[in-house]
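Undergrad: As a plain string of letters, each chain reads:
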Amino acid sequence: ETGVTQTPRHLVMGMTNKKSLKCEQHLGHNAMYWYKQSAKKPLELMFVYSLEERVENNSVPSRFSPECPNSSHLFLHLHTLQPEDSALYLCASSQDHGGGSGELFFGEGSRLTVL
Amino acid sequence: ILNVEQSPQSLHVQEGDSTNFTCSFPSSNFYALHWYRWETAKSPEALFVMTLNGDEKKKGRISATLNTKEGYSYLYIKGSQPEDSATYLCAFTMEYGNKLVFGAGTILRVKS
Chain G
1 ETGVTQTPRH LVMGMTNKKS LKCEQHLGHN AMYWYKQSAK KPLELMFVYS LEERVENNSV
61 PSRFSPECPN SSHLFLHLHT LQPEDSALYL CASSQDHGGG SGELFFGEGS RLTVL
Chain S
116 ILNVEQSPQS LHVQEGDSTN FTCSFPSSNF YALHWYRWET AKSPEALFVM TLNGDEKKKG
176 RISATLNTKE GYSYLYIKGS QPEDSATYLC AFTMEYGNKL VFGAGTILRV KS
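Keeping their order, the protein sequence lines are chains G and S.
Residue numbers for the first sequence follow my numbering, beginning at 1 and rising by one.
Residue numbers for the second sequence follow my numbering, beginning at 116 and rising by one.
One chain only, chain S, in its complex shape (with noise of 0.2 Å):
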């Protein structure tokens, strides 16, 4: 059974504060990570893709890194903003044509 682990499960932090969560996933076949950040009563929306390890992507304040070989990867936010508030969600797929295995999500909480 593939086993996506998100952590910390929620995080509350400072207007201005950096931050990082983590994934956890199979290192073994691997083929695509995704990042997705899911605000309340939207619609989640994706943040990166990632297939080759040792990428690094960058997004305005936010960032992510893999690591494929030991199965993790790191989604960074710099400075972040209240509106940064919302559900991360990594999800992992193994080969091509196989379903996309979702992790349980960090909570950001951002107070002002």
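So here's chain G without its partners, still in its complex pose (with noise of 0.2 Å):
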């Protein structure tokens, strides 16, 4: 148990559908993210939000579009996906500001399949 909690664990999708993933900390930290980990390839960073606000965002094609209603909180809003971002999306939050030095709390992640 990290501490880092997601939903649904497994999801999977049509390409007309809009789903959202959840994802909640009760770590009280101030900085959370979304990462995406596709087949064989690392981790790739798609969004940090630090104390509610979005501060990156990695160049992440505009059907994926996060929210964070409060720091302990993160979405990631699905629409018109394509079968390429089947994927696991993993949320993890640190205590830092996003500066790097602060260690991730990962969640267990939720794998997503796009038909």
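Treat the hints with caution; some may be incorrect.
Said to hold, decoys possible - Covered stretches of chain S, as calculated for chain G (at least 3 residues, CB under 8 Å):
(1) 140-149
(2) 171-179
(3) 215-224
Unchecked claim - Cross-link-like lysine-lysine pairs, in silico, DSS-like; alpha carbons within 30 Å at most:
(4) G:Lys18 to G:Lys41
(5) G:Lys40 to S:Lys226
(6) S:Lys174 to G:Lys41
(7) S:Lys214 to S:Lys226
(8) G:Lys19 to S:Lys214
(9) S:Lys214 to G:Lys18
(10) S:Lys214 to S:Lys157
(11) G:Lys40 to S:Lys214
(12) S:Lys226 to S:Lys193
(13) S:Lys226 to G:Lys41
(14) G:Lys19 to G:Lys41
None of these hints come from the bench; they were simulated from the model.
All residues carry an ideal CB built from backbone N, CA and C; glycine is no exception.
Using the hints, put the two standalone chains together into the complex.
TA: Next up, the structure:
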């Protein structure tokens, strides 16, 4: 139990569906992150939120839309995805403001399959 | 483009063997180097965060060293156990506020 919870753990969706991934952290951290892991590729940073403000958008297509309503919750809204978006989506949090010296606490990930 | 290289890609060892992996990163404008262990069906877990050249950190049978001038870090596991089987990730960042760039990881399998 890392203190970071992701739901759902598995999601199958069609290309025309709209769905959301949810992340919640119980650690009192200030920064939250979405990472993508595609098969046989390194973890790829998608978005960083620090104190509920987006501080990094790593050239992610607009079909992925993040939302951070408060410092404990982070969502990733998905719409009109492509099959190549199938991947493991990991949420993480850290104490520092995305500075890089604080360790990341990860959730267990949401495995997304786009048909 | 920042590149973090990890070697080897995978490693199979016998229980009791000691092993080590390498993480290579750009040596300019170094800020921090992270090591994570990622067991199957679990979340990645931080092992070490290292910031100073020459740093050595230890946690039980696992230790890590850092050379920021030449751009590498070693992770050592002494007396490998089956429960050490996991993917070991390193990640690097330049300057405060920059994103962490992850390597592809080293997959370790320890046979009993």
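Undergrad: For this structure, which hints from the list above don't hold up?
TA: Checked against the structure, the hints that fail are numbers 2, 7, while the rest are satisfied.
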